[in-house]
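Construct all of the structure, not just a fragment, from the sequences and the given hints.
Going down the list, the sequences are from chains A and B.
So that you can map any letter, position 47 of the first sequence is 47 in our numbering, and since no number is skipped, the others follow by simple counting.
So that you can map any letter, position 16 of the second sequence is 1016 in our numbering, and since no number is skipped, the others follow by simple counting.
If you are wondering where the hints come from, they were derived from the structure by calculation, not from laboratory data.
Cβ coordinates follow ideal geometry from the N, Cα and C atoms, glycine included.
Keep in mind that the hints are not guaranteed to be accurate.
Said to hold, decoys possible - A few chain B residues facing chain A, derived, Cβ under 7 angstroms:
#	residue
1	1054
2	1056
3	1082
4	1175
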Amino acid sequence: MIAEILNALDEYDINIVTGVPDGWLVPLIKAISEDTRFQYIPAAREEECFGIASGSAMSGQKCLVLMQNSGFLNSVGAYTTLCQKYQTPFVVLIAHRGGINDSNGYDPNKYRSFEAITSGMNLFVHASSWANLQTDIPKAYARSIGAGEPAFVTLSEGMKP
Amino acid sequence: MKQKEAFEQITQFAERHNALIVADIGSQSLWLKAAKDRDENLYLSGPMGQASSVALGVAVANKDRLVIAACGDGALSMNLTSLATISHVAPKNLMVIVLDNQVYEFTKSLPVPSTGTDWSKISETFTGFKDTIDLKGMESLNPQEGPYFVHAEIEGGELPPGPGLHPVDVHHRFKVHCSQSRTQ
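As structure tokens, this is what we get:
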């Protein structure tokens, strides 16, 4: 499954990836980091990812962002003043913690806040699955270019072994 | 040195090296535009502190071009973690310049909280940076052997001339320039 996702990214010329790790995303991050078709930029803080992706986008290169839903909550200011203001297209793949598949007691507030803030900001958020990422990420990217704004794609669980 | 003179020197250096410049909000973007408005300039008029991160994204997308991040000291203090990220990635074609006047120039020149920061020791702390230099030292280095950190001490208190350009226009002008440059 991971190989198909990476092939889809490469075929769509998404070769720059940045992010802050979430446990659910580790298989994807490790595979991207070890694949010479991609440059993975591990950021110290999620807000930086929106800057890195915007710099790539404003250079005419495609970039994928990986983070947990709480990472977006850290980054709302940069998102509004940079990504919305400059209309930078890219895809943000979110580990949407705290939903139906997540029993961790420290995650539900992340889920509620992400839902409330993205809904309140009227952002495009598409709920995907590991099986559908290889088609959903390129489609979301095409939409982000057409709309002139980032597109959010969410996962509600980790990859099954 | 006044910030106006610093940006005139940075622009001349950038022109000699065919460099792209990403400038932080406020003083840096407007003084850069006043020095010379170039297609290679990416003015950030909204997100304070993001110039270093945006410049990293520009650098990995344009590996054959020198990329300069022109950061205010107050702005860079808001995104110090970006120095850790840049240090780790260590792109050879990136140069981060901090314009250090120790005040928020657009906020009635209130002092910045980084007044006690020793910017000259950045490359000792974030060891992926090859060296920390000043504006004079910038002239003698090989800009494609970085990343470098440049500490530019400047005078505070002088507001730049405005207005700036619209963000969407800045985005599209910069993207067209980079895309055409890569295909040549």
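- How about residue 1056/B: closest beta carbon in chain A under 7 angstroms, or not? Holds: closest Cβ of chain A sits about 5 angstroms from residue 1056/B, inside 7 angstroms.
- Item | Status of the hint placing residue 1082/B at chain A (closest C-beta pair under 7 angstroms) | holds, 5 angstroms
- Does the interface hint hold: is residue 1175/B within less than 7 angstroms of chain A, judged Cβ to Cβ? holds, 5 angstroms
- With a cut-off of 7 angstroms, does the beta carbon of residue 1054/B approach a beta carbon of chain A closely enough for the hint to hold? Since the shortest Cβ distance to chain A is 4 angstroms, the answer is holds.
Going down the numbered hints, you'll see the structure goes against none, and every one checks out.
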